[in-house]
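Novice: Protein sequences appear in the order of chains A and B. Per numbering that gives the first Met the number 0: the first sequence = residues 0 to 202. Per numbering that gives the first Met the number 0: the second sequence = residues 0 to 309.
Fair warning: there could be bad hints in the mix.
A partial selection of chain B residues facing chain A, derived with a Cβ cut-off under 8 Å [said to hold, decoys possible]:
hint : residue
1    : Gly41
2    : Glu45
3    : Leu49
4    : Ala152
5    : Leu213
6    : Ala215
Read the hints as simulated data drawn from the structure, not as lab findings. Each residue gets a CB set at the ideal place from its N, CA and C atoms; glycine is no exception.
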Amino acid sequence: MRRLRLARREFLAWGLAGAATALAYGLWPQESDASPLLRPPGAQDEVSFVSRCLRCQECVRACMTGCLEAAGREYGAAKLWTPKFNPALAKCEFELCGRACAHACPVGAIRRPDDDEVRIGTARVNREKCIAWAEGKDCLVCQERCSYGAIEPDSRGRPHVLEEKCTGCGACQNTCVTCPDAAIVVFPSGEGAGRGKRGRGRS
Amino acid sequence: MERKRGKSRRSRHPISWVRRVVQALFLSLFVILVWTAAYPPGGVNENVFLRFDPLAAFVAVSWSGLWTYLLPAWLLLLATVFSGRFFCGWICPLGTVLEWTPSARRRAVGKPSDLRPVGLAGRTIVAGERRIRPKYAFLALFLILSLAGINLAWVYDPLVIANRAVVFVLSGGIPFLLIGLVALAVVAGPRFWCREMCPLGACLSLSSMVGSRLPAVASPISLVKNEESCIHCGRCSLACPFEINEVADSRRTGRLAVADCALCGECVASCPCEGALFLRSFGVTLAASGREKRKPEGAGRGEVDLRCEG
């Protein structure tokens, strides 16, 4: 049998390189003002999802509405290029598309719960931005777009989100008229619990 | 085409062309599958390349049901036990891209002091310093971190890198990792990544070691050497994209199951001796060396000056 020689210096060098990678991986700064990181419908809880996802972009490619994109550096190296549902791009049509993202995932990081179990997140109204709340204007575009009856106006015509009905499909955020950012934003919740650190919006 | 070898002006051996065509077909298939992965999903599984990926399978095994879903990955490992890293030489889209990258690097074969005279024609390349290649460290790191829940497949896995690169290009993004690897190939040689760094390659090399004692008749693709016809000119080692020196090793006869061998057949193509090297499938010869007859005893021709770069 041939003899293998382990060059000690080389091994040390590679070990150090690996340790440096791991450190950079853990210490990469995560920007606090990044928009909430939503996952495709049916994604496992955040920790399992990130440890499973290959970042192969198959789901991004497969999405019917084009609502998925690769997460950028602002979410830290550990989440770089993982699929991010961005309602600003499009709403998620998980009831129509046949779960194209789950079908495309080669490692089963995205599962297929029943339609009525899907909770991508919960919409919250930013009352400082919403023109119905802040300026008293007549606007309920978000309510009109919502397919789940999850937005109800109060007596003064201001939108309220019914959390138990909201699936986080992003239709409201996608259609909101305020510029440059929507006044109603989907935040991760429900099956993606534990990411509530950015949940500052009030509903 | 990808690397000019000063000494071989003769026309290319058919096996080289066949392999290039096969590589081109698999590369096209890979790109077409990513292209068609866009909505609506077709009848085929567009992610089939990734499902052939043992590293992806390792990441996914803890999710129940994936043992069967990722069956292709286990089949690839099994096939590799019998055949070696044929995946790297014939199928891997990233390997194909890197192999076809024009490289600025000249192959360093060894110092004259590393060579020793053997046989009729002068010299063989002495297997130089053996070291554990970094790819095994990468694989170990990958597996350990996977168990700890840190998934590095996205930086390490060649199929994932290639897949993401195609999606990024199709959607107007920049595939940074692929560009980095191509740059590495330009600087360090076309197959540097595959040979030294690729953890999937390491995984397949290990599988290949498991089956290294299996006979050629049992293997779908095998490299077979007939020591009696070999003149120890060392051309095979010079032609090898994986820079394997064992092929020129004067002691070996029979199936050459070298862990890193990608069964690409470049050694067979470069060999001047009739009946010295074969690429076989279950004992049936697919390609044989020495299509053009050359006189082994031709003093100036059989001997290769190993210091002059090929």
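Novice: Tell me if the interface restraint on Ala152 of chain B is satisfied: Cβ within less than 8 Å of some Cβ in chain A.
Specialist: 5 Å, holds
Novice: Would the stated hint for Gly41 of chain B survive a check requiring a Cβ distance to chain A of less than 8 Å?
Specialist: With Cβ-Cβ at 10 Å, over 8 Å, it is violated.
Novice: Does the closest beta carbon of chain A sit nearer than 8 Å to the beta carbon of Leu213 of chain B?
Specialist: This interface hint is violated because 16 Å lies over the 8 Å limit.
Novice: Hey, does the Leu49 of chain B contact hint survive, CB to chain A under 8 Å?
Specialist: Constraint on Leu49 of chain B satisfied, holds at 4 Å.
Novice: Holds or violated: is there a CB of chain A closer than 8 Å to the CB of Glu45 of chain B?
Specialist: 7 Å, holds
Novice: With chain A as the partner, please determine if Ala215 of chain B meets the hint condition of a C-beta pair closer than 8 Å.
Specialist: 20 Å, violated
In this structure, the earlier hints numbered 1, 5 and 6 are contradicted, and the remaining ones agree with it.
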